[in-house]
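I would like the entire structure built from these sequences, with the hints used as guidance.
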Amino acid sequence: QKEVEQNSGPLSVPEGAIASLNCTYSDRGSQSFFWYRQYSGKSPELIMSIYSNGDKEDGRFTAQLNKASQYVSLLIRDSQPSDSATYLCAARDSNYQLIWGAGTKLIIKP
Amino acid sequence: EAGVTQSPTHLIKTRGQQATLRCSPISGHTSVYWYQQALGLGLQFLLWYDEGEERNRGNFPPRFSGRQFPNYSSELNVNALELEDSALYLCASSPGRRPVPYGYTFGSGTRLTVV
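Line order of the protein sequences matches chains G and X.
Each residue of the first sequence is one higher than the one before, counting from 45 in our numbering.
Each residue of the second sequence is one higher than the one before, counting from 15 in our numbering.
Just to be clear, a hint being listed does not mean it is correct.
Ranges between beta-carbon positions, derived for each pair [to be verified]:
{"#": "1", "chain 1": "G", "residue 1": "N139", "chain 2": "X", "residue 2": "T19", "range": "21 to 31 Å"}
{"#": "2", "chain 1": "G", "residue 1": "A112", "chain 2": "X", "residue 2": "E68", "range": "33 to 43 Å"}
{"#": "3", "chain 1": "G", "residue 1": "Y95", "chain 2": "X", "residue 2": "S122", "range": "26 to 36 Å"}
{"#": "4", "chain 1": "X", "residue 1": "A16", "chain 2": "G", "residue 2": "R121", "range": "30 to 40 Å"}
Calculated from the structure, these hints are not laboratory results.
Because the structure is a prediction, the values reported are computed rather than measured.
Here a beta-carbon is modelled for each residue, glycine too, at the ideal position from N, C-alpha and C.
Following this line, the structure appears as structure tokens:
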């Protein structure tokens with residue numbers, strides 16, 4: 045059974061601090077990983093993708109991938125109240141489908 | 015470039031009726047995915063269509079069905095509606111079964127309410 049696991053939270057972070065979101069996956073054949081942000085009642089929006097071991101930075105967001113540990117993370121620097129949302133981690137399997145985690149609810153406290 | 019479009023935005027049906035939801039993928043995308051998201055819960059995979067064929071199906075009863083048309087748009091049908099079918103139904107599209115890494119692009123969803 046291919047699985048992607050995330051801590052459901054909520055994760056509460058003070059405004060301006062770094063939010064760290066984590067995800068593990070079971071399928072060693074997965075090569076591509078994605079982070080989506082979903083506001084309440086809205087559809088998921090792709091914010092980061094990562095395919096190689098190491099870090100990938102885009103503005104305030106950094107995605108980290110460690111294939112040996114089967115671990116993916118998302119760091120959000122200088123967290124803003126507008127970052128409050130549920131963050132979904134997904135891994136693309138060998139059948140071209142995304143396997144989804146249940147999501148981590150992030151709350152940024154002013 | 016137009017994104018993934020879903021219609022209708024909201025749909026209210028009576029228990030036992032049928033609902034039809036529609037999705038148009040991004041131009042050039044051949045795969046369409048359907049998900050159900052009940053309030054406060056995660057994404058539940060329903061169906062995957064690619065190039066007109068059903069490629070995979072989630073753990074839902076047969077009253078959930080769909081199809082993909084030659085222009086790659088898709089329709090989700092839910093028969094014999096039950097109260098617990100009330101949810102946000104999300105459609106997503108992707109370029110298809112290619113060995114190139116990409117994510118899905120989601121539409122805005124259809125909010126189905128069964129009363």
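Going through the hints against the structure:
1. Separated by about 26 Å at the C-beta atoms, N139 (chain G) and T19 (chain X) satisfy the suggested range of 21 to 31 Å.
2. A112 (chain G) and E68 (chain X) have their C-beta atoms about 36 Å apart, which keeps the hinted 33 to 43 Å range intact.
3. Y95 (chain G) and S122 (chain X) have their C-beta atoms about 28 Å apart, which keeps the hinted 26 to 36 Å range intact.
4. A hinted range of 30 to 40 Å holds for the C-beta pair A16 (chain X) and R121 (chain G), which are about 33 Å apart.
The structure agrees with every numbered hint stated previously.
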